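Chemist: Given next are the chains, with one letter for each unit.
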Amino acid sequence: MQSIDLNSKLEGKRRRLQKGLEYACKSALGITALMMLTFFLALGYRGIGAFSQTQIEINVTSIESSTKSTINQSMYNLIKEPDRKTKKSLRQLVTPNAYSKIDITEVGTYVLVAHTDVDMYVKGVYNKLDEVQQVIVDNLIEQDKIYRTWNWDFWTNSDSRSPEIAGIWGAVVGTFYTIGIAILFAFPIGVSCAVHMEEFPQRKGKGWKRYRDFMEININNLAAVPSIVYGLLGLAVLINFFGMSRSISLVGAITLGILVLPVIVISARTALRTVPQHIRDASNGLGASRLQTTIYQVLPAALPGIITGTIIAIARAIGESAPLIMIGMVAFILTAPSTPMDPATTLPVQIFLWADSPERGFAEKTSAAILVLLVALVTLNLLAIWLRKRFEIKW
Amino acid sequence: MVRDTLTLDSSAKINVRNLNIWYDDHHAIIDADLQIRKNNVTALIGPSGCGKSTFLRALNRMNDFIDDCVTKGSVDIDDTDIYRTQYTNVNNLRKSVGMVFQKPNPFPKSIYENVAYGPRLHRMAEDKEQLDIIVKDSLKKANLWNEVKDRLHDNAFGLSGGQQQRLCIARSLAVDPQILLLDEPCSALDPISTHAIEELILELKKSYTIVIVTHNMHQAKRISDTTAYFHLGEIIEKGSTKKIFDNPSHRKTKAYVSGDFG
Numbered sequence: 001m002q003s004i005d006l007n008s009k010l011e012g013k014r015r016r017l018q019k020g021l022e023y024a025c026k027s028a029l030g031i032t033a034l035m036m037l038t039f040f041l042a043l044g045y046r047g048i049g050a051f052s053q054t055q056i057e058i059n060v061t062s063i064e065s066s067t068k069s070t071i072n073q074s075m076y077n078l079i080k081e082p083d084r085k086t087k088k089s090l091r092q093l094v095t096p097n098a099y100s101k102i103d104i105t106e107v108g109t110y111v112l113v114a115h116t117d118v119d120m121y122v123k124g125v126y127n128k129l130d131e132v133q134q135v136i137v138d139n140l141i142e143q144d145k146i147y148r149t150w151n152w153d154f155w156t157n158s159d160s161r162s163p164e165i166a167g168i169w170g171a172v173v174g175t176f177y178t179i180g181i182a183i184l185f186a187f188p189i190g191v192s193c194a195v196h197m198e199e200f201p202q203r204k205g206k207g208w209k210r211y212r213d214f215m216e217i218n219i220n221n222l223a224a225v226p227s228i229v230y231g232l233l234g235l236a237v238l239i240n241f242f243g244m245s246r247s248i249s250l251v252g253a254i255t256l257g258i259l260v261l262p263v264i265v266i267s268a269r270t271a272l273r274t275v276p277q278h279i280r281d282a283s284n285g286l287g288a289s290r291l292q293t294t295i296y297q298v299l300p301a302a303l304p305g306i307i308t309g310t311i312i313a314i315a316r317a318i319g320e321s322a323p324l325i326m327i328g329m330v331a332f333i334l335t336a337p338s339t340p341m342d343p344a345t346t347l348p349v350q351i352f353l354w355a356d357s358p359e360r361g362f363a364e365k366t367s368a369a370i371l372v373l374l375v376a377l378v379t380l381n382l383l384a385i386w387l388r389k390r391f392e393i394k395w
Numbered sequence: 001m002v003r004d005t006l007t008l009d010s011s012a013k014i015n016v017r018n019l020n021i022w023y024d025d026h027h028a029i030i031d032a033d034l035q036i037r038k039n040n041v042t043a044l045i046g047p048s049g050c051g052k053s054t055f056l057r058a059l060n061r062m063n064d065f066i067d068d069c070v071t072k073g074s075v076d077i078d079d080t081d082i083y084r085t086q087y088t089n090v091n092n093l094r095k096s097v098g099m100v101f102q103k104p105n106p107f108p109k110s111i112y113e114n115v116a117y118g119p120r121l122h123r124m125a126e127d128k129e130q131l132d133i134i135v136k137d138s139l140k141k142a143n144l145w146n147e148v149k150d151r152l153h154d155n156a157f158g159l160s161g162g163q164q165q166r167l168c169i170a171r172s173l174a175v176d177p178q179i180l181l182l183d184e185p186c187s188a189l190d191p192i193s194t195h196a197i198e199e200l201i202l203e204l205k206k207s208y209t210i211v212i213v214t215h216n217m218h219q220a221k222r223i224s225d226t227t228a229y230f231h232l233g234e235i236i237e238k239g240s241t242k243k244i245f246d247n248p249s250h251r252k253t254k255a256y257v258s259g260d261f262g
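In the order they appear, the protein sequences are chains A and B.
Okay, so the first sequence: first residue is 1 according to this note's numbering, each after it adds one.
Okay, so the second sequence: first residue is 1 according to this note's numbering, each after it adds one.
Same shape as in the complex, but just chain A (with noise of 0.2 angstroms):
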């Protein structure tokens, strides 16, 4: 009798293919980690400079007509009988929009937010001083005077012209706006859609099924539509038809809501397929209604697929910028939006008009707004993870 052979190697052949196939996989594994970490990397290199703020101590020793020129006087203070291209270059140490934040009426020592150059140069970006700003910046750093904070202007500022002071908050109510009246809005008919789908169906034959499938088609079409063309729908319709204002969130949140609506209904759709039918027949069984089935029964076994998916959605509205830019919500908006009928912005729309600036500062605000955009993400994400895993019943 013959024994089993457990000792010799695969064939040739055989085994190269094997891991051939093992390696490529690896491989292909590790392209995508090292993607992923250079992307991460670049940005948060380029990025993490605009968490902190140059800030610039001055004395103020007179008190002039406004604050601007209180400001000016004590910066020419640093130097013994300025010329005018000195006085220039001593004024533009501090950002151009200082005397707006501040109103100084007392003589003492106030801290005030550096010009941008400044501000490059201390984070060592380039070196745009003349040779006056340099001598005295260098000074002013090491008597301690110039020095690097935690930049809270970033998060509470709106846009700005001046990089130094330019902000996301107002970017970050647009979106909170647009996305939130979208999924109020995308939510409840997109559920509601999938309930009729799935949950009741006609049974009048053929020509239900083909209804049916051409729903289906539709809907699974609409989702792959480019997302710029329901940019133009809002503009066709909301702007130009129903005469709604421009870059306002409301006209964004409707385009949005539009948007993510395939998504949503695929989604539940998924989710109510999910739940066995043994439930259904429980619930029939018992004497209930196909209504009272679906939202004592069926709805909530679906809910947390449900819910996942709309996370899902909204991190893709959150990251849409093509069809905002149709509709006019890449607006310099100088104050956060207070309601949902106001000139608005939202955060990829701000990433857009900072990279397209012409002043370097913004490069730094670029990379450190798509991190806090990639954030937003990373945590939506996690969080329809982490709802899946509590909330799903296993059946």
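Bear in mind the hints are in silico, worked out from the structure with no lab data behind them.
Since the model is a prediction, treat every value here as computed from it, not as a measurement.
Some hints could be false.
[Said to hold, decoys possible] Below, simulated DSS-like cross-link-like pairs (lysine-lysine); rule was C-alpha separation at most 25 angstroms, straight line:
1) K254/B / K206/B
2) K243/B / K254/B
3) K242/B / K252/B
4) K145/A / K101/A
5) K109/B / K394/A
6) K252/B / K221/B
7) K149/B / K109/B
8) K242/B / K205/B
9) K88/A / K26/A
10) K145/A / K85/A
11) K221/B / K242/B
12) K206/A / K72/B
13) K209/A / K103/B
14) K103/B / K394/A
15) K109/B / K389/A
[What the hints assert, rightly or not] Each pair of labels, with its calculated beta carbon distance range:
16) G161/B / H196/A: 33 to 43 angstroms
17) W150/A / K128/B: 20 to 30 angstroms
18) N221/A / D137/B: 52 to 62 angstroms
19) W22/B / M244/A: 51 to 61 angstroms
20) G161/B / M244/A: 40 to 50 angstroms
21) F391/A / A188/B: 25 to 35 angstroms
22) S258/B / C25/A: 56 to 66 angstroms
23) W386/A / E147/B: 31 to 41 angstroms
24) T156/A / K136/B: 54 to 64 angstroms
25) I133/B / L291/A: 23 to 33 angstroms
26) G12/A / I192/B: 54 to 64 angstroms
27) S3/A / H26/B: 50 to 60 angstroms
28) T156/A / G161/B: 52 to 62 angstroms
29) L387/A / K136/B: 30 to 40 angstroms
[Said to hold, decoys possible] Facing chain A, according to a computed beta carbon distance under 8 angstroms, are these residues of chain B, among others:
30) L34
31) F65
32) N91
33) N92
34) M99
35) N105
36) G118
37) L121
38) R123
39) R171
40) K242
Glycine included, C-beta positions come from ideal geometry on N, C-alpha and C.
Chain B: place on chain A using the hints.
Modeler: Chain B alone, transformed into the frame defined by chain A:
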């Protein structure tokens, strides 16, 4: 008075006449006639795919939920045809004709909520106390109360298979039915749980009319009073269980009950 009781007991609770069911092109039930008596256990036996379950589901119109299922003929319950019109109140029908399925299918909720769901649907309790009483009574009738009384608010999925099945029976009893349809209630259970359910069925027989589909011929023999043998969609033989098992008149019935096939 005596005569009255007698008529009640011996009268047909369910009278199925000339029932035909099609799934698309497949003729699943062919010209079925069957009288089901009150307070009797009627067993439906036969090989797989012979239409027992379809027949059972026809008795409370659960087949309505299946696409392409067409039903012709009449099913009289207490002399009212449940297929008379499409406007029959099927919700009340299913309340009165409860159903227990092959696989224990509790809702993913607490034990209490499982039983309380039906009474809430039909607004049978006016307040919490009444609902508590209904839940307690139903669990007691299903011989489950003693096992679960301390953990009424635990998830029903934590119960064993046999307990889950008795919970499903309790859930059906909670809406105060007259007829119970059991679709192979023991096929997913071990012998001890099966025994508990069989005891329960014999107990419930006193107050309910029971129709049970079973693959287990010994079970049919043990618990049923009347048996109907299905073969390829037709009721080939029906009669008292004793006669069907001891002295079947049809060749196929004989082959099946003696274990030659099936």
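Chemist: Hey, does the R123/B contact hint survive, CB to chain A under 8 angstroms?
Modeler: Because about 12 angstroms separates R123/B from the closest Cβ in chain A, which is outside the 8 angstroms limit, the hint is violated.
Chemist: Given the hint that K145/A pairs with K85/A, does the C-alpha gap stay at or below 25 angstroms?
Modeler: The hint holds at about 23 angstroms.
Chemist: Taking 56 to 66 angstroms as the hint, is the beta-carbon distance of S258/B and C25/A inside that range?
Modeler: holds, 59 angstroms
Chemist: Would the hint on N92/B be counted as holding, given a Cβ-Cβ threshold of 8 angstroms to chain A?
Modeler: holds, 7 angstroms
Chemist: Check the hint pairing K109/B with K394/A against an upper bound of 25 angstroms on the C-alpha distance.
Modeler: With a Cα-Cα distance of about 12 angstroms, the restraint between K109/B and K394/A holds, given a limit of 25 angstroms.
Chemist: Hey, K209/A versus K103/B, does the alpha-carbon distance stay inside 25 angstroms?
Modeler: Since the Cα atoms of K209/A and K103/B sit roughly 30 angstroms apart, the hinted pair is violated (cutoff 25 angstroms).
Chemist: Is the straight-line distance between the alpha-carbon of K109/B and that of K389/A 25 angstroms or less?
Modeler: Holds, at about 18 angstroms.
Chemist: Are the Cα atoms of K252/B and K221/B separated by 25 angstroms or less?
Modeler: Roughly 18 angstroms separates the two Cα atoms, so the pair holds.
Chemist: Can you confirm whether the C-alpha distance between K103/B and K394/A stays at or below 25 angstroms?
Modeler: This hinted pair holds, its Cα atoms lying about 15 angstroms apart.
Chemist: Check the hint pairing K243/B with K254/B against an upper bound of 25 angstroms on the C-alpha distance.
Modeler: Answer holds: K243/B to K254/B is near 11 angstroms, not above 25 angstroms.
Chemist: Mind checking the CB of K242/B against every CB in chain A and telling me if the closest is under 8 angstroms?
Modeler: violated, 31 angstroms
Chemist: Are F391/A and A188/B spaced within 25 to 35 angstroms by their CB atoms?
Modeler: holds, 27 angstroms
Checked against the numbered hints given earlier, the structure breaks hints 1, 9, 13, 17, 20, 30, 38, 40 and satisfies all the rest.
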